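Protein chains in written order, with this note's numbering: chain A, 9 to 100; chain B, 9 to 100.
Keep in mind the hints are simulated off the structure, nothing from the lab.
Honestly, I wouldn't trust all of these hints.
Copies of the same chain are indistinguishable here, so a pair counts whether it falls within one copy or spans any two.
Pairs of lysine to any residue residues, derived as SDA-like cross-links and limited to a Cα-Cα distance of at most 25 angstroms, are as follows [stated by the list, open to error]:
#1 K49 <-> D24
#2 K19 <-> G57
#3 K19 <-> T60
#4 K19 <-> G38
#5 K19 <-> T56
#6 K19 <-> I42
#7 K19 <-> M9
#8 K19 <-> A59
#9 K19 <-> G41
Keep in mind the model is a prediction, meaning the values are calculated, not measured.
Number of protein chains: 2
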Amino acid sequence: MSRVVVDVMLKPEILDPQGDAVHAALGRLGFDGIASVRQGKRFELALTGEATPERIEEVERAAGTLLANPVIEDFTVRVEDPVRPDGRPSER
Amino acid sequence: MSRVVVDVMLKPEILDPQGDAVHAALGRLGFDGIASVRQGKRFELALTGEATPERIEEVERAAGTLLANPVIEDFTVRVEDPVRPDGRPSER
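The shape of chain A in the complex, shown without the other chains (with noise of 0.2 angstroms):
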């Protein structure tokens, strides 16, 4: 079993009101120093087996096709830790 993140977030050029949002409630908490913010998604894909470099192709394609939107947003994919038997991610 093997562990791939996919990231997904808005094209810089694209506004973000919900990170505004989140920008301006942590200004009201008080937490200043903060010149902006940007929320995205984070998809955690667990595979049967091995991450071989077709099956991270494939999630490449999954990713662009069902997770991201490529007109709006871009999208990372990378592996992680291996999934341990309970699911939780392995110690770092």
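Put chain B on the given structure of chain A with help from the hints.
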């Protein structure tokens, strides 16, 4: 300017119907070999100035207060690449 990433995921013992829906949709699209999908949130915070340990600690407080619900969610805070003047992350 420094960039801090906060990843927020549901705790492993909390059901994730959104992740399950993505998992089912991937299967219908022909992407097999995926054992499970969990969906969470990713926040990118651009801090003014350096990401000192004190400021990271403040971001951790902010994450536990506003970005995540610690009752049902885990979060991690980490410093990423410095932010370039145009707001994009620097090349890796």
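Cross-check of the supplied hints:
With identical chains, the CA atoms of K49 and D24 are at most 25 angstroms apart both within one copy (13 angstroms) and between copies (14 angstroms). Within a single copy, K19 and G57 get their C-alpha atoms only as close as 32 angstroms, which misses the 25 angstroms cut-off; across copies the closest is 23 angstroms, which meets it. For a Cα distance limit of 25 angstroms, the shortest separation of K19 from T60 qualifies neither inside one copy, at 28 angstroms, nor across copies, at 27 angstroms. Taking identical chains as interchangeable, the C-alpha atoms of K19 and G38 are never at most 25 angstroms apart, the minima being 28 angstroms within one chain and 27 angstroms between chains.
Only between protomers do K19 and T56 lie at most 25 angstroms apart by alpha-carbon distance; the minimum there is 21 angstroms, versus 31 angstroms within a single protomer. With identical chains, the CA atoms of K19 and I42 are at most 25 angstroms apart within one copy only, with a shortest distance of 20 angstroms there and 27 angstroms across copies. Only between protomers do K19 and M9 lie at most 25 angstroms apart by alpha-carbon distance; the minimum there is 19 angstroms, versus 31 angstroms within a single protomer. In the homo-oligomer, the alpha carbons of K19 and A59 lie at most 25 angstroms apart only across protomers (24 angstroms), although the nearest pairing inside one protomer, at 27 angstroms, exceeds that limit.
Proximity of K19 to G41 under the C-alpha cut-off of 25 angstroms is restricted to the intra-copy arrangement: shortest distance 23 angstroms within a copy versus 29 angstroms between copies.
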